[in-house]
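Under mature numbering (1 follows the signal peptide of the UniProt record, and there is no 0), the residues of the sequence shown are numbered -22 to -1, 1 to 209, in order.
The set of hints was computed from the structure by calculation and includes no laboratory data. A hint or two may mislead.
Stated by the list, open to error - Simulated crosslink set (DSBU-like; lysine-lysine; CA at most 30 Å straight-line):
| id | residue 1 | residue 2 |
| --- | --- | --- |
| 1 | Lys201 | Lys170 |
| 2 | Lys199 | Lys170 |
| 3 | Lys42 | Lys10 |
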Amino acid sequence: MQFNKKALLASVILAISGAALAATSTPTDTVKGHIPAYADIGIQFHDVDGNGLVNVDDTISIDKGAFQDVDGDTEGTATYQWYRDGTAITGETGDSYTLTAADIGHSIKVGVTAHTDPTNTDPADGSEQLSSRGGNIDGSGDGSVTTDGNDVLSVAITGMTNGYPLVGEQLTAVATCTTGATCTGTVNYQWKIESAIGSGVYVDIGGATSSTYTPVGTDQKRKIQVDATRG
């Protein structure tokens, strides 16, 4: 039996050439998504003592905007860091903050970082976003709370005689500022007296605008008080 050697060789070459057309690339790096984030970060000031001032023991809470993730990943638990004048406050990583004496005269902000599940998303950590809205008592603001140490927190009257103001004996107004100490800056005073005996309605005493006042004979049987405001 005779074989056509040339035809057989051509068939083998064709088969080899056809197999060489299939190739596989090296694997890529793992697929990455987009970082998670919030639309914005707000804060809410809570006037705990209701005095209309920003002072020690008042609190701040966080108001996060809508969670955003281009890849449709599920929101994880956010992390927080509170800042005083741009410096991280050690140990303050909760979702609310209580003002302390160390905050007086300084600006407080919070940084919030969004997260997703690291077992199936990459990246799972967003970039820290600083608060940019809220912070004022009325809800407005730029995302910071500033405590002014010169705000008058309270005022007391000293100089009583046996617990009573005495004609001819000087009374002194002692103002306490939001630092918790006696005010050292300029404070404006206005002494007041009951409009009539037992009225409980107080009117200004003309010219009595210093830190001291000395009762006169016509003040008898009426109560005295003093207003103090930041100068």
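Report task. Check each numbered hint from earlier against the structure, then list the numbers of those it violates in ascending order. Result -> Hints that this structure does not satisfy do not exist here, as all of them hold.
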